[in-house]
Amino acid sequence: MAAIDESVEDLVARIPDGALIAIPPDYAGVSMAATRALVRRGTRGLGLLAVPTSGLQADLLIGAGLITRLEAAAITLGEYGQAPCFTRALRQGRFAMRDSTCPAIHAGLQAAEKGVPFMPLRGLIGTDVLAHRPDWATIGSPFDPADPIVVVPALRPDVALFHAALADRSGNVWIGRRRELATMAHAAATSLVTVESLDAGDLLDDPVMAAGTLPALYVGAVAVAPKGAWPLGFEDAYGMDHDHLADYVRLSATEEGFARYLDAHVLGARAA
Amino acid sequence: MAAIDESVEDLVARIPDGALIAIPPDYAGVSMAATRALVRRGTRGLGLLAVPTSGLQADLLIGAGLITRLEAAAITLGEYGQAPCFTRALRQGRFAMRDSTCPAIHAGLQAAEKGVPFMPLRGLIGTDVLAHRPDWATIGSPFDPADPIVVVPALRPDVALFHAALADRSGNVWIGRRRELATMAHAAATSLVTVESLDAGDLLDDPVMAAGTLPALYVGAVAVAPKGAWPLGFEDAYGMDHDHLADYVRLSATEEGFARYLDAHVLGARAA
Amino acid sequence: MADPRLLVATLARLLEGCRTVAVGALSPIPGAAALLARELAGGALHVTVLGSRKTNDFTDGGRELFDRAGQGRIDAFFLGGGEIDGQGNVNLVGTGGDYPAHDVRFPGTFGAAFMGFAVPRVILFREDHSRRVLVPRVAFISVPGTSPPGVWRRGGTVALVTGRCVFAFDRAKARFALASVHPGETRASVRANTGFDYDEPNELPETPPPTDAMKTLLDGPVARVIAETYPRFAAAVLGTGASNRRVN
Amino acid sequence: MADPRLLVATLARLLEGCRTVAVGALSPIPGAAALLARELAGGALHVTVLGSRKTNDFTDGGRELFDRAGQGRIDAFFLGGGEIDGQGNVNLVGTGGDYPAHDVRFPGTFGAAFMGFAVPRVILFREDHSRRVLVPRVAFISVPGTSPPGVWRRGGTVALVTGRCVFAFDRAKARFALASVHPGETRASVRANTGFDYDEPNELPETPPPTDAMKTLLDGPVARVIAETYPRFAAAVLGTGASNRRVN
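Chains as they are written, first to last, in numbering that gives the first Met the number 0: chain A, 0 to 271; chain B, 0 to 271; chain C, 0 to 247; chain D, 0 to 247.
Treat each hint with caution, since some may be false.
[Said to hold, decoys possible] Some residues of chain D that are not near chain B, with every Cβ distance over 10 Å (derived): (1) D2; (2) T58; (3) G69; (4) A173; (5) A226; (6) P230.
[To be verified] Taking CB as the label site, the calculated pair distances span: (7) B:D205 to D:G41: 20 to 30 Å; (8) A:R168 to C:E227: 15 to 25 Å; (9) C:G194 to B:A2: 27 to 37 Å.
I should point out that these hints are in silico values taken from the structure, not numbers from a laboratory.
Don't be surprised by glycine CBs; every beta carbon is placed ideally from N, CA and C.
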């Protein structure tokens, strides 16, 4: 049974130290509200799985020292350039990095979604992405052993953490065409979701809404967090806060500056 | 570019002799209108892939002699019992039968969807389903060779044929939560779709409708066929025509009776 | 024919402690049993009924049931069987003659060749308890009763409920044991109608009928919900009025 | 810096004959090129622009781009590169020091380690044509320029377009050949700024500027559509008025 309408603080309290958390890319429903609450709580030793890339969210969590391992196809702030905390911490070896490629992350989650231990994937042969992944393998395709193909293991996050437009009181969450959120949720042991608002009805009752709905079965808890993706943008609801992002990049160029950013925008305000 | 608003006869004329056609189960958007048109056209040597089961549609096509090979997890008329033409033709060896199991058909289509030659699947070991599938294999799991697992090859239909509520003039098709239709369409070389009606707008413009929309890229042609699933039911729009189904079962108990059914309900009426 | 309400209650009792159960198509008695078990658990049992609109939360297409089972999110599942043998093997494909040209063709394996491995608690249910159905050896194995060590399997068959009795299945011995007989049946009547050998306990209880609380739930919330999918069954068997149409 | 309109026209010409092209994020020049090619093809080129709402028909989540490529439904794709070497290898991960603690970290491989194999026509585009980018040997291979026989690959790199020139890529030789130089560049200026060896033709054409027809399309329909995703680029480079914000 999903817990509905709990606080963001209670929501992130469900994430134990050491958990592996799956997160969407910066443009596809990031719960920055939960991310800040997680930093305030100071959960430690987290693994982060970017599905398949991340930016501000990963950078903030890495800068705040919560992350000990990261798997991603890319980490970037997009038009704001390199992710400063990620880049700094990587150079200092402060977390274990697993470079991947987008479809390998999707395939690994689909393996977990289907309950199989691995999934085959084309490409990759001859790349240093593959060379640095001792957890991947190259096999002869079972129906044509002369045809080499890469297999990647199932990715089973403990938690899928994301932001969505709407949930109902049963815990069904409307994700629209962001179906990577459904794959993440299916693959993860549980999903923790912040939403812009609660719907009074049942999302599964309406066949049009149902088509874009993640069933409550996968959802551990829902917290209402209006503008919960800020300073990132969220679908048609609001755009990226460009001034804030520019500030973030400027401050985070140094560890001291990043600490000032945390004080001002994360640690200071319980409700931020 | 999808051809929009062509006749059902023109739509099925796109299916060449010998094609492999993927079809949904009887309750999930069967184009009976196109099925009857296909029988009238007399296309020959077709393969049928039930995704993952079929009933009346397969029975009609088999009875009419269009099918030379069938892959399915089950063929049944549900509360109306065994599919009479299927059962008779199978006993007479008139087509090649490949018994499967539902998730193997889904997995094979997902392999084609992802462009990989195979997909692993749990279960099946020790079954006669597996024993009768020389095209399947059991391998040691690449990350644990002591763990045996079945692999099934990609299923790549030439055509996905189905009925949906709505298409727009670009060829985008609203399938709602019938996402197996999307998987079929992704896996197939092209999709031929009958719809209850055409939408004047753009289904992808509305984020709520977009969540349940199959993009036109996958669609070869759309024909408008109101009540195109009849005598089967279709979503909330109309229920199964129980009297007709009872008639079908009664007549199809013999080859002569089935021929009378065809004359009355399929071959007679061009528009039926 | 056994009282269908007794069968519903019996199947519901076998779901005790489950968090999730999925019911396949054309299964009114297992469907009602799952809904009864949900009521008995105060709502803390997640039920999906294939063929239903309302008791069905799938939004990822036909594969979601199997994906959920693969994820370990389905605790219990019901399987029928054209033939069932004493080793727990289930045949959903056909019998007589050689595959695929069997003399008698059943619909097919559906998802059973996967679900029988992925679901920890599989409950076999076949009302027709006869030597035609309960055979020494099935002609085609859609689901094996047991698997060798090293083969991935989360569980498998725990029980077989028929119109005459309840068998428990012992996976270690690959053998059924009579657990209770329905009212009107005896050790002898079961033995006479069963084509396979099985164990018998010294003390043989009678399958308990639905309690008064169960009956109230069956005629109330269970009947109301199952009527959406199986209106004729609800009308004929549960408390939603009479019907002269056959039960599907 | 090369004229961005020349680059757009050059990339658009490389898409001739394609049925479908996908453009990644943060790629205004490739995005405009794809839209220009669509106009030149009378609409018969299917374009998806990641980051766009309108020129983006994906409804199956983040995997659909890669699934489509796996299906053979994407004919052309653009790749950038932190480093590109003379064998056509592309590095999107980092350089200097040892992986993963590179001195300079790039964002990462994104989908390139797959798309470079699944898409028949891969066009490398990197405006910065310098010895820092065009190196003798990349520090990390995100996508190899060529693959041994027997490795599944639908195609791969066909060309490299920079701010100075167009290189064609010969997969059999695993080597670039200068195809044209942009106005203002010479054999010598390209050679001086390229860290890898490559072939030169006897006759070296100048990269043709956009035709008048292309210019009209760029300032009209292309500008209107690309402005949804890259408003500052559309304003600064194409015909939608002035802007004092930087081009992204």
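Cross-check of the supplied hints:
With a least beta-carbon separation of about 33 Å from chain B, D2 of chain D lies farther than 10 Å from that chain, consistent with its non-interface assignment. Once the 10 Å rule is applied to beta carbons, T58 of chain D is inconsistent with being away from chain B; the minimum gap is 5 Å. Not every beta carbon of chain B lies more than 10 Å from that of G69 of chain D, the smallest distance being close to 2 Å; the non-interface claim is violated. For A173 of chain D, the shortest C-beta to C-beta distance to chain B comes to about 25 Å, beyond the 10 Å cut-off, and the non-interface label holds.
Here A226 of chain D stays apart from chain B, with its beta-carbon at least about 17 Å from theirs, past the 10 Å limit. Every Cβ of chain B is farther than 10 Å from the Cβ of P230 of chain D; the closest lies at roughly 20 Å, confirming the non-interface assignment. Checked against the hint of 20 to 30 Å, the C-beta distance between D205 of chain B and G41 of chain D comes to roughly 27 Å, which is consistent with it. Between R168 of chain A and E227 of chain C the beta carbons are some 21 Å apart, a value that agrees with the proposed interval 15 to 25 Å.
Between G194 of chain C and A2 of chain B the beta carbons are some 57 Å apart, a value that contradicts the proposed interval 27 to 37 Å.
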